[in-house]
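Below are the chains, spelled out letter by letter.
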Amino acid sequence: MTATATPAATPSQVQRPPAEVRHADELARLRAADDAPTPPGWALSLRAARAFIVGDEELCVSRKFVGDPSLIDRALVSLATSRGLLLVGEPGTAKSLLSELLAAAVSGDSTLTIQGGAATTEDQIKYSWNYALLVAEGPTERSLVPAPLLRGMAHGKAVRFEEITRCPLEVQDCLLSPLSDRVLAVPELPGDAGMVFAREGFNIIATANTRDRGVNDMSSALKRRFNFETVFPIADFDTELALVEAEAGALLRRSGVTAPPRRDVLEVLVTAFRELRAGRTARGDEMERLSSVMSTAEAVSVAHAVGLRGWFLRGAAGTTTDLVSCLAGTAAKDSPEDLAKLRRYLERQTAWRTGPQWRELRDARRELPGG
Amino acid sequence: MSLTVIGVRHHSPACARLVGSTIAALRPAFVLIEGPADMNERIGEMLLGHELPVAIFTSYLDDRRRHGSWAPFCEYSPEWEALRAGSESGAQLRFIDLPAWHEAFADRDNRYADAELRYAEAVERLCAEFGVDNSDALWDHVIEMCPADGVSDRLSAYFDVIRGESAAGEPDTAREAYMARWIRAARAEAGDRPVVVVVGGFHRPALLRLVAEPSSGGLADAPAGASGWPEIPQPPAEATAGSYLVPYSFRRLDAFGGYQSGMPSPEYYQRLWESGPEEAARHLVTAVAGRLRKRGQPVSTADLIAARTAAEALARLRGHTHPARVDVLDGLAGALVNEALDVPLPWAVRGVVTAGQHPAVVEMTAALSGERVGRLHPDTPLPPLVHSATIELERHGLDRAGEPTVDLTDPRDRAVSRILHRVRVLDIPGFRRDSGPATGIDPVLREQWTVRRHEHRLAALIEAGGYGPTLEAAAAARIAQRIGGAGGDLGALADALFDAALCGFTDLGSDVPGRLERGVATATDLPVLGRVLAVTLALWRHDRLLGTAGSAALGVVVAAASRRILWLAEGWHAPGAPADRARIAAVVAVRDAVVHAAGVGVDRTSAVEVAGRIAADRAAPPDLRGAFFGLGRSLLDETAPPGLFPDPAQAVRGAFAGGTAGDWLSGLFAVAREPVLAPAGILTLLDDLIGGLGADDFLFALPALRQAFTYFPPRERETIGERLLARRGLGGSGRDLLRVTVGAETVAAGMALDEMIEQRLASAGLISAEESG
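Taken in sequence, the protein lines are chains A and B.
Following the UniProt record's numbering, the numbering of the first sequence begins with 1 at its first residue and continues without gaps.
Following the UniProt record's numbering, the numbering of the second sequence begins with 1 at its first residue and continues without gaps.
These are calculated hints, taken from the structure and not from any lab test.
Every residue, glycine too, gets a C-beta built ideally from N, C-alpha and C.
Take these hints with a grain of salt, some might be off.
A short, non-exhaustive set of chain B residues, derived as facing chain A with CB atoms under 10 Å [stated by the list, open to error]:
1) G131
2) A137
3) F709
Computed footprint of chain B on chain A, listed as stretches where at least three residues anywhere in the stretch have a Cβ under 8 Å from a Cβ of chain B [to be verified]:
4) 14-28
5) 192-201
If we strip away everything but chain A, and leave its shape as in the complex, we get:
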């Protein structure tokens, strides 16, 4: 474990401990029961790693990702072979969570993370220098400050690269030789130290979303070195509802709210999110899709906000009226078109449904700004 895992002693003070700390007991049980062959450099066998993510009732391992199990199979196999893994998909489809879980399962460490962005430089990916030491001693291993890629290669760990496509193309391409030749040159260092060969267990898990800047810009040389896995929004209503209920409930408890979220409000929320995401209602009416992201993650944060609103304003669970107020902020954001689409949805697609919560939702549409 790296130094970042030490706060495990007091995990309650950490907002969000890494996956290997959150689920340390499950990992320990899986490791103890693991009798299948383990790929070189891996902390767990493929089967145990799979069980860590899709769950195993016998070992009391929770299911942490609700997508197709075959996606996990393919992702793990990619990591065990010589190609990197690139998770692509709409924002909010739990790509980052999946990459964290994969890294925790494969290497027992999910903290070697590069956050991609317009300002990401090669220094932040490979290595940089402690300039005081550099001036005093020249380029030595002591003055070298390794970044996640170098550390991952040197220690045989999985390196996570978030939002890789948001980096400039030339920066993305610095992954080419680590991925194909499994070696990173540090030309400043003399002798053997100038070549860092990747140890077994090293691989890259990258994520990219299809909304901001798709994977089309990526160089084909780099594309070829990755296996692509598309992560889709949750296909099944009940699964998504259960997930939103569980996640929002947990967030609310952490925020000190004791009233659990109301099931009927969540149903309306998840239905609305799914329909606005797909541009089609349950009974098949075509409608306009919102341009903003209507992911499960957004649904969870809206459910959280609804609960907070209800609790801290009235001391009760959130209602459909709270839902409409919160929707304006997440769904419409600053786009007047989306706001208009949302208003049309609330006007036209709520009347034909049965259930008092839908009537409430329709009545509450005036809570939208400008309504």
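Fit chain B to the supplied structure of chain A, relying on the hints for placement.
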């Protein structure tokens, strides 16, 4: 006496192997198979030596429903293997399920669909338990990929879980009761010798229970036939039902969707059946790579190595000794797809390939599907339609590929055209008309056709055999069915009638006129009705080419459409609505029908009465009022009561208000132009009225007025121009008046300038207000 019930999944190689080995080992007296019992007398047809896949196609036709359904067989179908192995070991073969036309199959197209899909909850639970995406992956995991010696126990366990405690639906219960009767009869007949039963695994638990029960009461013990075997249900007397073998194809086998679908990917399972999982996986990779390369998609050796490695690794991870179907597919997808997908992989969601799939994925599913096409043994009995159609096509040289052109004015060519149209109406693939008349009033007299051989031609002909024994009878029945199913959809009705004309049918049976009348009587769209009436009337009056002149069916449509238009027009309330040419055209069509088709029941008196009411109705759209005024005037004979239609001059004055004058005139001119052109007509009055419009009013009325006058042909417009010039005492020709050399904008600007000058002069007191007009 032993009874072995093998519960299978239809089209499963593992099950077929189990069936084959069980029959070979037991050498039973009877092999009972889930299949249509009405084929039992002809079960020998199945074993003639066909190239698979083939299917038993059953058609059913009565006045309430037409239903066609298939029971497909391929080499690896357990039912087929039961037939083959059973006949090899000398057993008696029997199909024991209800016939496909039975009500229990009313909503089924595919007898061998997966029954368990209708009971999805247990399947979902099992998928979650085994960590697989869907039932197909589950099946491969639990059955196809495991060693042969454990298959029997696994099958029983699998279907016991799926059937569980859930009650089957009514159709399933009826079928199970019937099958149980056969099993009991076979056991009684077999004495000490074994009986093997091959049924869908979903039915097995219920059948075992039913057979074990002491026979008492219930449907299961309805009186048996004389021989002790259950009676085979007969179709109702007024219905026709028939079963024939048809050649089938892997593509059709794979195309069933939703509840109708069975095992997917026939080509893969064929390979699995022939040469085992390793070879099947290798074939799949080769086929996909070959297909992609043929399409110019890059597939490198490195990609294939990666796909192969990934498939092996996935197989090991999932506990398969050899890569299973999804392992190979997942491996290929990982290696070949290097961009974001728009829709999930089809084998992950279990569905047909939808739009937006990655090209590599499309090729993968196509390679899994395969292109194998079955062929029937030449001695297989075929429905009479196949023979008569083949002879007719051969006689006219239409049985081979070509691009025949037919001239509809030549009687011999017309006969060819009719055959082609009849084949087209029956949806036999490979016959396409590229050009030709599209409505009855097109001045097109030639047709261009493309005839191609098509792999599904024979199958389609056999399936069309349910409609009738000859091309003529079958096509007529098909068109009559379309007319019955069209309801109030006039477009569909018109298409069906025109197809009837093209096929050379003037009489479609005694109940068709009634259906047509009902169809027209429920139509709601006035413009469409108008178009239908115009076309039908023209066909009924003039068309000697297609032989429709004077046809009774068309006459019914003419009369019904005229009645319906009058009815709809009278209820149309929209005062001030702008003129609509399609609506006006409907009135014109009624006028023609009244004038020319009195013989088929178009009632002149009621037309005149309705016209009078609409013309006087202030709530009616002005164009309809004008049109019906014109209709009434032109139909009015001397004997009509006076006062029903006012003098045109009076009516024009009445209509010249509220900016609707142009619309009203449009209606009038479309139906009757004589009042304007007649020597003592309303032209003078119109001139005065239009001249009296203020500048603003004139501009407002102008578009509608222009539209109204377009109903006059150029020669008549010239006459109008000349009269107007003469009235003003001016020289020159009317034709020049119609040719404006400057643009409309210039004229408008000039008029505005005139208006402004007059206003200024008037306000300065230089001219009086009356003079400024």
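Here's how the hints hold up against the structure:
The restraint placing G131 (chain B) at the interface with chain A holds, with a minimum CB-CB distance near 4 Å, inside the 10 Å limit. The criterion of a C-beta within 10 Å of any C-beta in chain A is met by A137 (chain B), whose closest approach is roughly 7 Å, and the hint holds. Checking F709 (chain B) against chain A by beta carbon gives a least distance of about 43 Å; that is not within 10 Å, so the hint is violated. Here's how the segment 14-28 of chain A fares: 0 of its residues keep a CB closer than 8 Å to some CB of chain B, so the rule of at least three is not met and the hint is violated.
Coverage of the segment 192-201 of chain A by chain B is violated in this model, with 0 residues showing a Cβ closer than 8 Å to a Cβ of that chain against a need of three.
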